[in-house]
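Line by line, the protein sequences give chains A and B. If you read the first sequence in the numbering used here, its first letter stands for residue 236, the second for the next number, and so on. If you read the second sequence in the numbering used here, its first letter stands for residue 2, the second for the next number, and so on.
Keep in mind that the hints were calculated from the coordinates and are not lab data.
Sample of chain A residues at the chain B side, in silico, Cβ under 10 Å: (1) 282; (2) 361; (3) 362; (4) 365; (5) 366; (6) 382; (7) 462; (8) 622; (9) 732; (10) 737.
Chain B regions said to be covered by chain A (calculated; three or more residues, Cβ under 8 Å): (11) 48 to 62; (12) 66 to 79; (13) 186 to 199; (14) 203 to 217; (15) 329 to 337.
To spell it out: a stretch of chain A is covered by chain B in this simulated footprint if at least three of its residues, at any positions, have a beta carbon under 8 Å from a beta carbon of chain B; those stretches are: (16) 285 to 297; (17) 476 to 484; (18) 624 to 630; (19) 719 to 728.
Glycine residues also receive a C-beta, built at the ideal position from the N, C-alpha and C atoms.
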Amino acid sequence: MKLVFPVSLFRYYVTNPWLIAAFIAVLFLLLPLLIVMSGLFYPANEIWNHIVNNLLPAYLINTLILIVSVGLLSFLIGVNAAWLVSTYRFKGRGFFEYALVLPMAIPAYISGFAYAGMLDYTSPLYTFLRNNFGFETGQFLFFNVLSLPGAIIIFSMALYPYVYLISKAYFQQQSGNVAEAGASMGMSRTAVYFRLILPMARPAYAAGLSLVIMEVLNDYGLVKYFGVETFTTGIFTAWFGFGNLGAALKLSVYLMILVLALILIERFHRRKKRFASTSSVKRLNRIKISSRYGWLFFLFCLIPFMFGFIIPLSAFIYWTISAFEIISFDFVHLLINSFQLATISSLLIVTLTVFLAFVVRTYPYMIPRALVRLSTLGYAIPGAVVAIGILVITIWLDQHLNYGRTWILLTGSYVALVYAYLVRFMAVGYNSIESGNAKISTKLDQASRSLGVSKLRTLVQINIPLLQGPIIAASLLVFIDVLKELPLTLIMRPFNFDTLAVRVFEYASDERISEAAPAALVIILIGIIPVYVLSAILKQKNNDNT
Amino acid sequence: MSLRLNLIVMLFIIMVTSCHTQRDEVNVYSGRHYKSDEELFRRFTEETGIIINLIKADSDQLINRILLEGEQTQADLFITADASRLSRAVDHGILYPINDQALLHMVPKNLREPNGHWLGLTKRARIIVFHKERINPQELSTYEDLADDKWKGRILVRSSQSHYNQSLLASLIAANGHQSASDWVEKIVDNMAQPPRGNDRDQVKAIVAGTGDLAIINSYYLGLLMRSTNTEERRVANEVGLFFPNQEDRGTHINISGMGIVASSKNKDNAIKLIRYLLQKEAQEYLANENFEYPVLPQAEIPMLLQNWGAFKADSLNIGKLGDYLEDAMLIFNKAGWQ
Numbered sequence: 236m237k238l239v240f241p242v243s244l245f246r247y248y249v250t251n252p253w254l255i256a257a258f259i260a261v262l263f264l265l266l267p268l269l270i271v272m273s274g275l276f277y278p279a280n281e282i283w284n285h286i287v288n289n290l291l292p293a294y295l296i297n298t299l300i301l302i303v304s305v306g307l308l309s310f311l312i313g314v315n316a317a318w319l320v321s322t323y324r325f326k327g328r329g330f331f332e333y334a335l336v337l338p339m340a341i342p343a344y345i346s347g348f349a350y351a352g353m354l355d356y357t358s359p360l361y362t363f364l365r366n367n368f369g370f371e372t373g374q375f376l377f378f379n380v381l382s383l384p385g386a387i388i389i390f391s392m393a394l395y396p397y398v399y400l401i402s403k404a405y406f407q408q409q410s411g412n413v414a415e416a417g418a419s420m421g422m423s424r425t426a427v428y429f430r431l432i433l434p435m436a437r438p439a440y441a442a443g444l445s446l447v448i449m450e451v452l453n454d455y456g457l458v459k460y461f462g463v464e465t466f467t468t469g470i471f472t473a474w475f476g477f478g479n480l481g482a483a484l485k486l487s488v489y490l491m492i493l494v495l496a497l498i499l500i501e502r503f504h505r506r507k508k509r510f511a512s513t514s515s516v517k518r519l520n521r522i523k524i525s526s527r528y529g530w531l532f533f534l535f536c537l538i539p540f541m542f543g544f545i546i547p548l549s550a551f552i553y554w555t556i557s558a559f560e561i562i563s564f565d566f567v568h569l570l571i572n573s574f575q576l577a578t579i580s581s582l583l584i585v586t587l588t589v590f591l592a593f594v595v596r597t598y599p600y601m602i603p604r605a606l607v608r609l610s611t612l613g614y615a616i617p618g619a620v621v622a623i624g625i626l627v628i629t630i631w632l633d634q635h636l637n638y639g640r641t642w643i644l645l646t647g648s649y650v651a652l653v654y655a656y657l658v659r660f661m662a663v664g665y666n667s668i669e670s671g672n673a674k675i676s677t678k679l680d681q682a683s684r685s686l687g688v689s690k691l692r693t694l695v696q697i698n699i700p701l702l703q704g705p706i707i708a709a710s711l712l713v714f715i716d717v718l719k720e721l722p723l724t725l726i727m728r729p730f731n732f733d734t735l736a737v738r739v740f741e742y743a744s745d746e747r748i749s750e751a752a753p754a755a756l757v758i759i760l761i762g763i764i765p766v767y768v769l770s771a772i773l774k775q776k777n778n779d780n781t
Numbered sequence: 002m003s004l005r006l007n008l009i010v011m012l013f014i015i016m017v018t019s020c021h022t023q024r025d026e027v028n029v030y031s032g033r034h035y036k037s038d039e040e041l042f043r044r045f046t047e048e049t050g051i052i053i054n055l056i057k058a059d060s061d062q063l064i065n066r067i068l069l070e071g072e073q074t075q076a077d078l079f080i081t082a083d084a085s086r087l088s089r090a091v092d093h094g095i096l097y098p099i100n101d102q103a104l105l106h107m108v109p110k111n112l113r114e115p116n117g118h119w120l121g122l123t124k125r126a127r128i129i130v131f132h133k134e135r136i137n138p139q140e141l142s143t144y145e146d147l148a149d150d151k152w153k154g155r156i157l158v159r160s161s162q163s164h165y166n167q168s169l170l171a172s173l174i175a176a177n178g179h180q181s182a183s184d185w186v187e188k189i190v191d192n193m194a195q196p197p198r199g200n201d202r203d204q205v206k207a208i209v210a211g212t213g214d215l216a217i218i219n220s221y222y223l224g225l226l227m228r229s230t231n232t233e234e235r236r237v238a239n240e241v242g243l244f245f246p247n248q249e250d251r252g253t254h255i256n257i258s259g260m261g262i263v264a265s266s267k268n269k270d271n272a273i274k275l276i277r278y279l280l281q282k283e284a285q286e287y288l289a290n291e292n293f294e295y296p297v298l299p300q301a302e303i304p305m306l307l308q309n310w311g312a313f314k315a316d317s318l319n320i321g322k323l324g325d326y327l328e329d330a331m332l333i334f335n336k337a338g339w340q
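Only chain A is shown next, with the shape it has when bound in the complex (with noise of 0.2 Å):
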């Protein structure tokens, strides 16, 4: 460790290029969190003081609880299936493989409406039964689909993906070695699993399940129409409801505050231990076992694929089909504006997150770190608050850079949206960058810089072709996420502009399912693709490793 006085640490940081590019971006997507983190400074008032006394157990109950099963069970399905299909031979593995990141092409308020309309009394699944079978079926047959159980299971299905992903390229990549020692010990697969890989791939699902915790705390759409009152329907229900923005504010901070601490615990159990590995990618041998067992794994992974994909992609086509004649098929445009968001997000994201990454990597001190990973917050708040952040931010540009004209020119405008997105979905892929540059060891850095070649150089030639992976999985992973994004985009879109997401929820939440029904399935459908080649290219890149 280099002891640096404050002064010269200052100037340090003043005078490096590359430090103060960093500065500059993470203020930029930290301005708008920072006016919100202002709301703690609002006076309480006396609707703050009502929804403290009233309301804000119940937020922290129903959230907490939220956060703790759909992280449990979608590591439960997300690492155990990510292990199976990497280390065993069994019935469909191959497909599972990749069937089991599907329904991340369906975002989980899309999943609710599908259940929700087909638990209901008038669905024709209970037709059916009534008609045919004399089913006295109460309201909802197998349990109440709209409360806080439903939206827990609907959560885990569709947001285990985010895990199982991350783990199986990790298991895939860099447990070879390891259970190849661990076998060299006498330890059985499963010994090699529990004692070694799992504590090894922390960072691995820890990145995934951050993900998911934070998809949840941000989701509006599911828990509004599940009727489960959480923290962001109560950022909702201040802002809106009550007309106090400050009150609002205050939650939204509480919020971050919440999440931060989640991340602050998970930092400080990881601490001093050390997850690079320097050894060549060696890939897993798969084992072949039982047809019992084979069956039992077979199993585990249809599940979570029927549950989260199977089942509402089947209703919305059933949908679909049976109200064929009075739906409108108009959607080309708004598919147009939704990939174009999309695109232009995805790249801008990674661009930005590969090179903070790699400022973090090559500067490792505490004042960068900790300001990149408070600049990734904005996926934690609800969209909706980070729009608030931006509208003060483009509004007060509107009213001062006075262009000597009447119109407005950013707020309301593409441009304010995708900033709005950088700031919401920069954790997206920062995480995913983080994760792979952990893996890489920072003997490289160093072997090339004492070799004399530029930073700009190392980033560019070392850096970015060793993160072709993370790089490649945070791209679709922003992708999908502008696609599904609802809150925020209902908020900022410019005049005239729908994208599939609103289109869905308009129709859905008007109680017109089947007219929605088409549109969601685009958006699954342009949702496969990115998983489709993100699959196709960890594939091609396990085949070139070995």
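Starting from the known structure of chain A, arrange chain B on it as the hints suggest.
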């Protein structure tokens, strides 16, 4: 670097193309998300050549957006599906008083703001629907009566987040006072058949499924169920009866969709043209036929289905008064634990 240059050029193009040039247009911020509205807007553009730019979102979010945008707002016309939200918009000073007396007088006095800040577009009644076999309509009388112990475990109603429930409670506060309304909410929570979940249509289905015996819903949802393409939904609608509460006293609570011109609007004339178009007999009847809402224009013909429901006495309270009690209503709901 040419890539960087390209990016800058691209961003510049995006910024330029996202600007609005002055055209003959009107910008609508609407809390109503019905296809019928968009169809009417299309016809309006066809007839007048005025282009309509539309942003649809939750009414409260739209109010906040207009507030944030301040004088720079692009909004010309604000449309919402809840009367209390219209009052809230007036309280925030974001609406402009329309002076055109002829236009104002097309709408009945209690369905518009006295100074012309907003006028009604359509109206809907908050009715009681009940299971025809399990309940004799003779047993039903008023909203207040639903607090009676005989309804324990039988009432279905959606969340207190619903604007329609908030305005209903506001009308009860206006009629009976704060304390009485507060007691009423507590009794209703006790009498609920299940915690509030789902939308108004779900409440009707829950009656037929046997979860509860009666529900408080908006009238047009029943119409939508009756005319549904799903045969099961039509069957559900046929198993329930409809009741207009409080006919012996102040009348059934009604709510409106309404519209007002935004104070900082730059296209006020076009906005007025659009308002006038939407209040035409033809447009009013179109909305009534498509959505089963009641027209606000007295001359407009009421669709057959609504005529079959019979005429009813509506609460004559000026709709604008509801907004005065909106916040009280929300506080009462939260304190009583009505989710």
